[in-house]
Amino acid sequence: MPSVKNPNGPSKNRLAARAAKARKTSQKRSEENKHKIAKVDVRRGARPGLLPNSGPNAKVSSKKARKLQKKLGYAMQRKAEAEGEAVMTDAPADEEERLGPDETEMEGIL
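Heads up, the sequence shown is in UniProt numbering, so the first residue is 1 and it goes up one at a time.
Heads up, some of the hints might be wrong.
To be verified - Below, in silico cross-link-like pairs of lysine-lysine (DSBU-like), each with a Cα-Cα straight-line distance of 35 Å or less: (1) Lys36 to Lys71; (2) Lys5 to Lys39; (3) Lys21 to Lys59; (4) Lys24 to Lys70; (5) Lys71 to Lys39.
Quick caveat, the hints were computed from the structure, so don't treat them as lab data.
Produce the complete structure using the sequences and hints provided.
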């Protein structure tokens, strides 16, 4: 009796595709366990060594970083003024030079 394949079973192409898909998903799962990047960040393009393209963990552009730096500086000034650590502008600018004991002894020698 000749060997005939069961017509109701999956084809070779389907079997190969199913195996490839299983291989791909298991590889992805093992990679996820190796690094600690959140799933939402991975969906936004994050990989080990790469930040996501959007969202709260995304890299800040240099223009935005400059603006944030300015805002932080102004906030620090406001905080210092609120605490009373303002720059002393009313202090006398030129104080008389105080002479120590060494200078008073040396005055009459010349």
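Pair hint Lys36 and Lys71, alpha-carbon separation not exceeding 35 Å:
OK: Lys36 and Lys71 at ~32 Å, within 35 Å.
Given the hinted pair Lys24 and Lys70, is their alpha-carbon gap at most 35 Å?
47 Å, violated
Going straight from one Cα to the other, do Lys21 and Lys59 come out at no more than 35 Å?
32 Å, holds
CA of Lys71 to CA of Lys39, is that 35 Å or under?
This hinted pair holds, its Cα atoms lying about 32 Å apart.
Mind checking the alpha carbons of Lys5 and Lys39 for me, to see if they're no more than 35 Å apart?
At roughly 43 Å apart (the allowed maximum being 35 Å), Lys39 and Lys5 break the hint.
Violation of the numbered hints given earlier is confined to hints 2, 4; the remaining hints are satisfied by the structure.
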